[in-house]
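Student: Here's the letter readout for the chains.
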Amino acid sequence: MTTPGNRGESTSTSHMAEQAQRRAPEAPSQQTSSNDNHALEELRHLIVAPERQGLAEIRDRIDNLERRAEDVSSVVAEAIQMRREQGDDQALTQALGPTIEATLRDSVRERPHVIADALFPVMGPAIRKSIAETLRTMLESFNEALEHSLSWQGIKWRIEAIQTGKPFAEIVLLHSLVYQIEEVFLIHRKSGIVLCNIAAPGIEPMDADMLSGLLSALQQFAQDALRANRDDWLDLFRVGERPTWVEMGPNALVAAVFRGNPPEDFRVRMRNVLEEIHQRYGAALERFDGDVAPFRATECTLAQLLEKRVRQGEQSGKKKPYAVMTVASLILMALLGWGSYVTYRVHQWSAFERTLQQESGIAITSFERDGGEYRIRGFRDPLAPEPAALARQAGVDASRAQFQLAPFYSLDDSFVARRANKLLDPPKTVKLSVKGGVLRAEGAARPDWIERIRDRGPWIPGVRELDLSSLKDAEVVALHRNVAEIEAVKLLFRVGRAELESGQQDELEKTKGTIAAMLGHASRSNQSVVVEVVGHTDTTGMEASNLPLSRQRADQVLQALEHMGIRNSALQPVGVGTSQPLRAEDSDEGRRLNRSVTFRVKVTPVVPAADEKPQ
Amino acid sequence: MLKKKICMIGTNAVGKTSLVRRFVHCAFSETYESNIGVKMEKKVVKVPADEVTLVLWDLYGEDKFQQIQMSYLRGMDGYLLVADSTRRKTYDDALALQEKVTREIGKFPFVFLLNKCDLANQRDIETGAEGALEQRGWQVRQSSAKTGQHVEESFLWLANEMTAK
Numbered sequence: 002m003t004t005p006g007n008r009g010e011s012t013s014t015s016h017m018a019e020q021a022q023r024r025a026p027e028a029p030s031q032q033t034s035s036n037d038n039h040a041l042e043e044l045r046h047l048i049v050a051p052e053r054q055g056l057a058e059i060r061d062r063i064d065n066l067e068r069r070a071e072d073v074s075s076v077v078a079e080a081i082q083m084r085r086e087q088g089d090d091q092a093l094t095q096a097l098g099p100t101i102e103a104t105l106r107d108s109v110r111e112r113p114h115v116i117a118d119a120l121f122p123v124m125g126p127a128i129r130k131s132i133a134e135t136l137r138t139m140l141e142s143f144n145e146a147l148e149h150s151l152s153w154q155g156i157k158w159r160i161e162a163i164q165t166g167k168p169f170a171e172i173v174l175l176h177s178l179v180y181q182i183e184e185v186f187l188i189h190r191k192s193g194i195v196l197c198n199i200a201a202p203g204i205e206p207m208d209a210d211m212l213s214g215l216l217s218a219l220q221q222f223a224q225d226a227l228r229a230n231r232d233d234w235l236d237l238f239r240v241g242e243r244p245t246w247v248e249m250g251p252n253a254l255v256a257a258v259f260r261g262n263p264p265e266d267f268r269v270r271m272r273n274v275l276e277e278i279h280q281r282y283g284a285a286l287e288r289f290d291g292d293v294a295p296f297r298a299t300e301c302t303l304a305q306l307l308e309k310r311v312r313q314g315e316q317s318g319k320k321k322p323y324a325v326m327t328v329a330s331l332i333l334m335a336l337l338g339w340g341s342y343v344t345y346r347v348h349q350w351s352a353f354e355r356t357l358q359q360e361s362g363i364a365i366t367s368f369e370r371d372g373g374e375y376r377i378r379g380f381r382d383p384l385a386p387e388p389a390a391l392a393r394q395a396g397v398d399a400s401r402a403q404f405q406l407a408p409f410y411s412l413d414d415s416f417v418a419r420r421a422n423k424l425l426d427p428p429k430t431v432k433l434s435v436k437g438g439v440l441r442a443e444g445a446a447r448p449d450w451i452e453r454i455r456d457r458g459p460w461i462p463g464v465r466e467l468d469l470s471s472l473k474d475a476e477v478v479a480l481h482r483n484v485a486e487i488e489a490v491k492l493l494f495r496v497g498r499a500e501l502e503s504g505q506q507d508e509l510e511k512t513k514g515t516i517a518a519m520l521g522h523a524s525r526s527n528q529s530v531v532v533e534v535v536g537h538t539d540t541t542g543m544e545a546s547n548l549p550l551s552r553q554r555a556d557q558v559l560q561a562l563e564h565m566g567i568r569n570s571a572l573q574p575v576g577v578g579t580s581q582p583l584r585a586e587d588s589d590e591g592r593r594l595n596r597s598v599t600f601r602v603k604v605t606p607v608v609p610a611a612d613e614k615p616q
Numbered sequence: 662m663l664k665k666k667i668c669m670i671g672t673n674a675v676g677k678t679s680l681v682r683r684f685v686h687c688a689f690s691e692t693y694e695s696n697i698g699v700k701m702e703k704k705v706v707k708v709p710a711d712e713v714t715l716v717l718w719d720l721y722g723e724d725k726f727q728q729i730q731m732s733y734l735r736g737m738d739g740y741l742l743v744a745d746s747t748r749r750k751t752y753d754d755a756l757a758l759q760e761k762v763t764r765e766i767g768k769f770p771f772v773f774l775l776n777k778c779d780l781a782n783q784r785d786i787e788t789g790a791e792g793a794l795e796q797r798g799w800q801v802r803q804s805s806a807k808t809g810q811h812v813e814e815s816f817l818w819l820a821n822e823m824t825a826k
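These protein sequence lines map, in sequence, to chains A and B.
Count along the first sequence starting at 1, add 1, and that's the number in my numbering.
Count along the second sequence starting at 1, add 661, and that's the number in my numbering.
The shape of chain B in the complex, shown without the other chains (with noise of 0.2 Å):
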């Protein structure tokens, strides 16, 4: 039996509670949820070889967080990266704390999601930003809480990943 720590990154409300809600409940919630710091939710997975506890850190999005998120980081060996596709300014924050995360804990398997794409029509990232950052070897999906477009197979995708090493 085989346990994964697994921490969603990202900045306030680009959708991290409600993608773990999506993914662990099958449920979404229009309701907005503040957590404190962090918060515990487990999935049990089937990856080919075995299955997987996967143990999801849900991460608190507040900048003024960001020197204890690093913390609840250590010993994780996955992530999601969160933007939110109609806010620009997330976008480029998670490309920063990617950078952070790369330079102070490490290199680990990680999706990047550009989530609320059920909202296309208010995109605020230029076309062709994901063709760019899938040539640097980045796992990107344009992922959705509300619709469950891509959500499971993101996570998957992950478990998958982490159990391959």
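Just chain A, with the same shape it has in the complex (with noise of 0.2 Å):
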């Protein structure tokens, strides 16, 4: 409380100096007061102008955002170094992981480029050594193997695993494993959730949150039961042949299950393990709410924990199996040949099928095989080849073939001929062909035979249509073949006398034979023959008496023919003197010939008596 009189100490300088003036106008007498008071405004001026200044300027940094950015913007990077530096890196990684985390998510959401571009240097080289681990652990997988196959030891245990039933892999690992970290968890131990777990390639992962639930609930109930200790705990189960290991932190566990015997150092392994995560996820696993995702980042650690050692003596003594790669090349050969010959009498027998298919009189349906047996279904003519002799051609065996052709006729036209052939049965003076199914006959055959193709040949199956044009039949042309022999015979005589020169007599009995075959052949050809028995004679003397000693010499000759059995109906005699000379007479020769009896043959055909009527 202040008055004017007795201004207390907590009394501003700036309200006094105020009071000050307000009572200079009403005491105007008390001059000396108010210089006093000028100087004193004036010293507390001097005294608390900078101050009052300073303390302005400070207002104005905090009340203006834009200067008070700029001065935090001018000490953050300080800051962060020196709360690192402090090890308290925790809280400020707590504090600045979601907004570093919403940012990324932004960018990545908006500008995806920029955050692939800034990746791009590191995920190639992780992606190529991620690529590059797998396809080593496989091919020592492989290797192993293959080693293992190829050997005594491996024929035995491939017995082994024949007789177990269990696969060749697993007997394999067995044997040779030493021991094998399968899978490895990070279990948060109030919860028994699990937060993080890892496989080794190559094993089918178990179900994580039901066997770390499982888990979680022995380890309660083993200290329940027991009564045991919170720092005791169920550090090993068993289950079949994969046992747990189990190693306690105080706020998270890490089960490894394993295969074989890992040697108690690799407890120690887990231990630092679960240190190392205790200490860099200390706080997310005090406040752990059931959100695994912070976890994830522990994969790389429990990775370390996924160990393999192979037996020693497996992977050095590396004895090469020479017998064993000897027999293994004899057996590997006799598969070749095997396989060669297999291949070989596939071949035949696909030939064979070709040559089915291509066989004119054969049609193949089905060609299957039954085992080592052939089912070939299909038709066949029965002029076609035999198949099982087309087998044996082939060099298959036939009796493994098993036949069902139904009978058939091929409309081929080399088959219709064969056909024709066959039921025609023709003389060797015809020659048939098919062409188009029309059925051609060429040569000379007798009536009768004739008659059977123009009866049969158009019934036969394959044959369209027959064409006999240039077939002959076999009398007529034998009766004109004789009838020309006939007409070039000349039967020479003496000069001035009806006699045959000395030798004619044998030519007069051969034309005798010629006639004789003549008159067969025109009487089974239905044919009408007159053979003009034509006398003559040469130009010297008297035409008055060649003529008739022309016509003495063609009955000479008919007498003789009449004699020697040829009947008298068929020849009719002819003297025409000198007047058809046969040659010039211009010699002795060309004279000698005219002197002579020729023949001159009519065929003509029998007309059938009106009243005969055609059969």
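Honestly, the hints are just simulated from the structure, not real lab data.
Note that the structure is predicted; figures quoted are calculated from it, not measured.
Glycine residues also receive a C-beta, built at the ideal position from the N, C-alpha and C atoms.
Please note that a few of the clues may not be correct.
As the list claims (entries may be wrong) - Far from chain B, some chain A residues (derived; all Cβ distances over 12 Å):
| hint | residue |
| --- | --- |
| 1 | L41 |
| 2 | G98 |
| 3 | E161 |
| 4 | T165 |
| 5 | L219 |
| 6 | Q220 |
| 7 | F416 |
| 8 | I461 |
| 9 | E488 |
| 10 | V575 |
| 11 | D589 |
As the list claims (entries may be wrong) - Label pairs and their computed distance ranges (CB to CB):
| hint | chain 1 | residue 1 | chain 2 | residue 2 | range |
| --- | --- | --- | --- | --- | --- |
| 12 | B | G792 | A | R85 | 55 to 61 Å |
| 13 | B | A757 | A | A80 | 51 to 57 Å |
| 14 | B | H686 | A | D233 | 33 to 39 Å |
| 15 | B | G792 | A | G98 | 43 to 49 Å |
| 16 | B | V705 | A | Y342 | 58 to 64 Å |
Mind assembling these two chains? They're in different frames, but the hints should get you there.
Tutor: Below, the structure written as structure tokens:
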């Protein structure tokens, strides 16, 4: 509380000055006092002005957002560094983590290429390393399996695998493995929830949540049932051939499922990993509320525990299994030989199938292999080759083939021709051919065979039409041949006489044989034949005596023929004298040839009598 | 990805295992199966924010194991308290268990299921009992593992409640 006369210590100087100013007009007589006040004001200004100015500046820096940001920006890097140096980077990480995560998420969503570009230099090598590691592991397993499968021991293990019904790989593993850590789990101690788990390559992972829950329950059961200390825990449990080691930390436990016998110092490594995780994720483990995402990063740490150790002897004892390799080579060669033989046989059967398909008298509808037998179905023309014979020609075992071929008529021209030859049995003078279903007969045949082809030809399967334009009657052909022979004959006579020259008797007898044959052909081919026996003379002497001489010569020959058995009705004597000379008589030889008898044959078809009806 | 531990609490033969089987496998078995101490099941469900893996601890109901059961409850995020609506004693036991859980383990989201409601004509709990409990802020549902009534809904309510924290 203040009064004008009694100003308390708490009264501010500015307030005093104001009061002094207000009091000045009320007491003009007090000039001295006024001067004092002025001096006081000056003094006050001198003392507090810099302070007031400083305060105003500070207030401005606090109130002005821009200036405040400027101030903080100048120290923020140093502040973060200082905090890290103080060793409390966990709190800093927690504070900055969500913001950095959100920023990263937004950046990836809105400008993915920026992050992609930034990660590019590290992603490639990381991916390559991962792939290389996977390939190396695969190759290692493959080499191991190959080595074992070619050794005597490998064969024993294979027998064991067959006897026990276990996969070969498992048997190899059981014999050659010292130990393998197959799966590692990081489990939240209180809730039993699995935070992270990792399995070795090729190992089918277990249901991590189920296993961790059970493990946690077992821990609690064991501790309760045995009234154990909190620091004592169930550090081993075994189900089948895969025991599990457990290392317990304050807030989390690490469990490793393995095969074989890991060394005791593996537990030390488990503990080291657990400690590392507690060190880095201590706060997150304590505050765990079900979100396991932050613990994904522990995968790399846990992966250090996925160890595998193979028996030294198995790795160093690289004895070359020469004997086994030789046997294996022989087996391989035998297999190759057998394979080649099988391939050859298959090829032969394929060739046989092609042969059957190309055979025009055989139509294949199915060619099936049934075990070692072949079942062949289809159709076969009776004139086609026997399929068993074709099989033998193709070099395949016909006894392994079962033919089910129904008979059919092939309409192929060659088959129709063969069928026609078989059915018509043509004489050697006839050639049968088929083209486009037209059966053509060429040559000469007896009338009865010609009648046969006319009757049966059109009924032969595959024959559409007959062509007999080139088929002649054999009797007619022979008849005309005889006619030509007879008309070429010249029987020579002595000068001025109706007597044959010596040696002409043989020619006459030969001519008689030809005439007899001609008459036979004429009779069989329904032809009527008249043979004119023509007598000639040379031009010497009188024509009045030459004409009768020529007739005498014709009669002489006619009588001789009659005498030799030729019927008279077929012969007709004619004397032409010198009117039809055979040669010009400019020499003795020409005159000699004109002293002769020649023959002219007239062939005419026999016209059936009016009352004779055709059969 | 969230993971939550849920316990099934209740005395013997109230239907805890059947409820879990109905929820996880959508099946009900008439045959009764005893279990040894605890049995694990899990199911992934969707809540508005995320997917949650529910690891279900199906605790054995025999009284002689009660002491041990309490240790199984540690680390849980919620539970289903189950009573057989046809046996009055199981209802009283459930109320006692609830008190014990709250006292020894702490307060967690839970749903009180009066199970076997398909046997309505054999109900052995007085009408209005649910109302009285609901006034205390409890979630009470009449459920049936046989028909599936209120089973999935109860688990999903619990999943939402646990993740909403």
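Student: Hint by hint, note whether the structure agrees.
Tutor: Right, here's what the structure says about each hint:
no., hint, verdict
1, L41, "holds (66 Å)"
2, G98, "holds (18 Å)"
3, E161, "holds (36 Å)"
4, T165, "holds (31 Å)"
5, L219, "violated (9 Å)"
6, Q220, "violated (9 Å)"
7, F416, "holds (74 Å)"
8, I461, "holds (80 Å)"
9, E488, "holds (120 Å)"
10, V575, "holds (131 Å)"
11, D589, "holds (140 Å)"
12, B:G792 x A:R85: 55 to 61 Å, "holds (59 Å)"
13, B:A757 x A:A80: 51 to 57 Å, "holds (56 Å)"
14, B:H686 x A:D233: 33 to 39 Å, "holds (37 Å)"
15, B:G792 x A:G98: 43 to 49 Å, "holds (47 Å)"
16, B:V705 x A:Y342: 58 to 64 Å, "holds (59 Å)"
The structure shown violates the earlier hints numbered 5 and 6.
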